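Going line by line, the protein sequences match chains X and W. Residue numbers for the first sequence follow this note's numbering, beginning at 1 and rising by one. Residue numbers for the second sequence follow this note's numbering, beginning at 1 and rising by one.
These are computed hints drawn from the structure, not numbers from a lab. Keep in mind it's a predicted model, so treat the numbers as computed, not measured. It is possible that part of the hints are untrue.
Unchecked claim - Each computed DMTMM-like pair below joins lysine to aspartate or glutamate, with the alpha-carbon atoms no more than 20 angstroms apart: (1) W:Lys451 <-> X:Asp254; (2) X:Lys314 <-> X:Glu257; (3) W:Lys264 <-> X:Glu433; (4) W:Lys451 <-> X:Glu257; (5) X:Lys156 <-> X:Glu115; (6) X:Lys219 <-> X:Asp205; (7) X:Lys147 <-> X:Glu115; (8) X:Lys187 <-> X:Asp174; (9) X:Lys156 <-> X:Asp119.
Stated by the list, open to error - Just so you have them, the derived chain X footprint on chain W, three or more residues with Cβ under 8 angstroms: (10) 266-278; (11) 427-437.
The beta-carbon is built from N, C-alpha and C at its ideal position, and this holds for glycine as well.
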Amino acid sequence: MNSVTPFIGTPDATASAKPATARVPTDWTTKAMQSRIRRRYAAERRFRLAGLAAVWLSAGFLAFLLSSMLWQGASGFVETRVALPIDFAAAALPIEPARLTSRGADLALASAGLEGAVDSAATRAFGKDGEGLLSDGAWVTVRDALKADPGLLSRKTVIAVPVASPVDMAAKGDGPPEAEAVVARLKARGVLTRGLSMTFLTTADSTDATRVGIWGAFKGSLLTMIVTLLLAFPIGVLSALYLEEYAPKNRWTDLIEVSINNLAAVPSIIFGLLGLAVFLGTFGMPRSAPLVGGLTLALMTMPVIVIAGRNAIKAVPPSIRDAALGIGASPVQVVFHHVLPLALPGILTGTIIGMARALGETAPLLMIGMRAFIAAPPSGLRDPATVLPVQIFLWSDQVSRGFIEKTSAAIIVLLVFLLAMNGVAIYLRNKFETRW
Amino acid sequence: MSALALFFLVLGLGLIAWLSARMRAARFRVGNTARFSSLPAHHGWYVALWTAIPPLLFLVGWSMVAPALVTDTVLASPAAVQLPPPGFDRASILSEARSLAEGRSFGAFHELARVLSPVYAAAQSRYDWIATALALLLTFAGGAFAFLRVRPGFGARTRVERIVMILLLGASLIAILTTVGIVASLLYESARFFSIVPITDFLFGTHWSPQVVDARDPGASLGAVPLFWGTFFIGAVIAMIVAIPFGLMSAIYLTQYAAPTTRKWMKPILEVLAGVPTVVYGYFAALTVAPAVRDFAVWIGISWASSESALAAGLVMGIMIIPFVSSMADDSIAAVPSSMRDGSLAMGATSSETIRRVLLPAALPGVVGGVLLAVSRAIGETMIVVMAASGVATLTLNPFASTTTVTKQIVDLLTGEAEFDSAKTLAAFALGLTLFVVTLLLNIVALTVVKRYREAYE
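For reference, chain X alone in the conformation it holds in the complex (with noise of 0.2 angstroms):
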């Protein structure tokens, strides 16, 4: 072979001052050539094989996490009761069956003196460290019994009630061992059940790990939810609706563009900021209201429905605005008659996904106070509140082993919430997304 491309080869200088002869194509059968391509091919491998490695560690991670709360929240969900037979006919409580059915059962009950009858039956029972057996929420399940059934009153029971936060905990297998040992006896006189507790379903927050619930944090989210949906839905569609249709090119779109753009991305905390100084510090709001929060949270979730809802809108195609213009609509009708139906999955879509991040939002919600302990479910949009990222914050720092897996169950209620959201949104967009 004498004529060589001058393209191949090494470019040193002894090649180049000879004649072209010397250039022979590469023997890639030979040794070293064989090496190199094994080389080269196994660092394709490696490289391959880390990219795959990066996928289903990030992939890991997230399983650790969600089976991590999974299996330290799922116990959160259980109470541990212990049968406790009390005989209401010695007891002899001042009340009569009538007062029970009436409305203020709960106020006569407390003041007969139930949580002492409830205590000294225990004491009877499980002897004289029974009484500490007992949650401080034992007499309430007695209570909502009786309420149940009046005619308690002049008998002989057995009631189920929740046990301890220490008890508690040693009968799921992590207490500390003197209540290990309580367990094992009264495992032996086969007196303990377990079963869902109602508890963690029904009330609000406590100081004991036994007696708290998701309903107050959870009704809390909810009041906050309506607010910033009602503020920030119509206002991110009405101006997403502006800025894509009828917003004229000027410095003026221009600035609202770029605020729009930056408060997409301001630390959530800001906002906060914003609400404790403005809210709060001008307006005089009450503190930790489901009002203020949800203002705030408005503030922040608009941004995303705007950026959500111009993208679906510009989707739209041009055809269907000429054709609506052309048979003599005005502008306003071809937007509000055709446009915004054909957008609305699309924006649905994106408003639901920045509810799902206000829902998951803390930072924000504790600078304008919604971090105080709260026993009631809020009952109105002024009332003190709280909401369950920020339950979740406050029960993390609970020092009582109980609160563990209370903060654990409720960041599964949380989780829960967030993925049906999710799927909602997923669902929406997969069954109206409409391919032009």
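Given the structure of chain X, go ahead and fit chain W onto it with the hints provided.
Chain W only, in chain X's frame:
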């Protein structure tokens, strides 16, 4: 009548106005073949808006001046002569009287409040009746005015559409208002802070211990350099050491190697990482990662390792940022023209060589922009550091030592019991302003880089 009831009453009247105007306009069309400029519904909207908007605006304005009017009436009453001079006592008696009058509380601390509460209730109800009467007058006047203008040739549509446009413009101005609100409130409170503490002490001081602020020289213990360093160390160094390799490699694998079905499933799964609330990450970091990091440090011989180390917070923050880096890298790699990739492959380069020598260098500006955005997210992240990082500000390079961040300090300073205008609470706003400016700059730089890069290939 309460404001809420009045509000719904006005809305109800608006609905009636809408229906009646629409019926009236529809009647023009019966047996008439002329062309109309407006639909019956336009007439309906025109009248309804005239019915509802003036009283609602009036009510908003009224709710701002009414409390002052009521208080003035109470002060003019004979019983008010005994009130102490303006000051804290007077305000507390008045607010007690108000809550008694509104039925929100039942016992009074001051005797005078009990005397004043009937006066308060009377004044309140009198002004409520005035408000109701004025609002209804406006409703009927506006409604009648608009209703009489409903005629076949009347251009209700243009007028209604003008109002709709004003509404749209108003909605989009809220974004500007929010931005202005943020900047103004941060600047105002920071200015108050810098009038107490010199700005140079705050920006360049290396000692941060807000627990003990010396009133004579508050700047000495409010130097924010350790916070800036901690924020940078956790958010921009440790978190990025985790997030960049993982995010970049997953993006490369999912776009270049993975089968379409793998990609379809793995991409949303990774995005769930970004959807997990930060308080959950914080709990995970504090409960699981931080003890593990500490045990590891003790195992390798650092016996004094903190259980609230920078490493634990940074690691978890990095995991949270992975999907963010990944999706930015995904976008920038996808934006590289396929001719470059095809050319490289045709020359005999393997896929990995193509990616490393051709795709990544070409996509680098986009990737760098994405990383800058990720850094801005990481340094603004609050809950992970609040729960997992320590409150002790130290200037250290050791990842096992305790470090604190700007966001953690903002939360600590503002959730204490200090009064609102002490140097301590105002310092939180100065920190917030710094955070706002830095994230804003990072975002602007990042978006400019990404935009330039996109334009280069278009």
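Structure-based check of each hint:
no.: 1; hint: W:Lys451 <-> X:Asp254; result: holds, 16 angstroms
no.: 2; hint: X:Lys314 <-> X:Glu257; result: holds, 15 angstroms
no.: 3; hint: W:Lys264 <-> X:Glu433; result: holds, 17 angstroms
no.: 4; hint: W:Lys451 <-> X:Glu257; result: holds, 15 angstroms
no.: 5; hint: X:Lys156 <-> X:Glu115; result: holds, 17 angstroms
no.: 6; hint: X:Lys219 <-> X:Asp205; result: holds, 12 angstroms
no.: 7; hint: X:Lys147 <-> X:Glu115; result: holds, 15 angstroms
no.: 8; hint: X:Lys187 <-> X:Asp174; result: holds, 16 angstroms
no.: 9; hint: X:Lys156 <-> X:Asp119; result: holds, 15 angstroms
no.: 10; hint: 266-278; result: holds (count 10)
no.: 11; hint: 427-437; result: holds (count 5)
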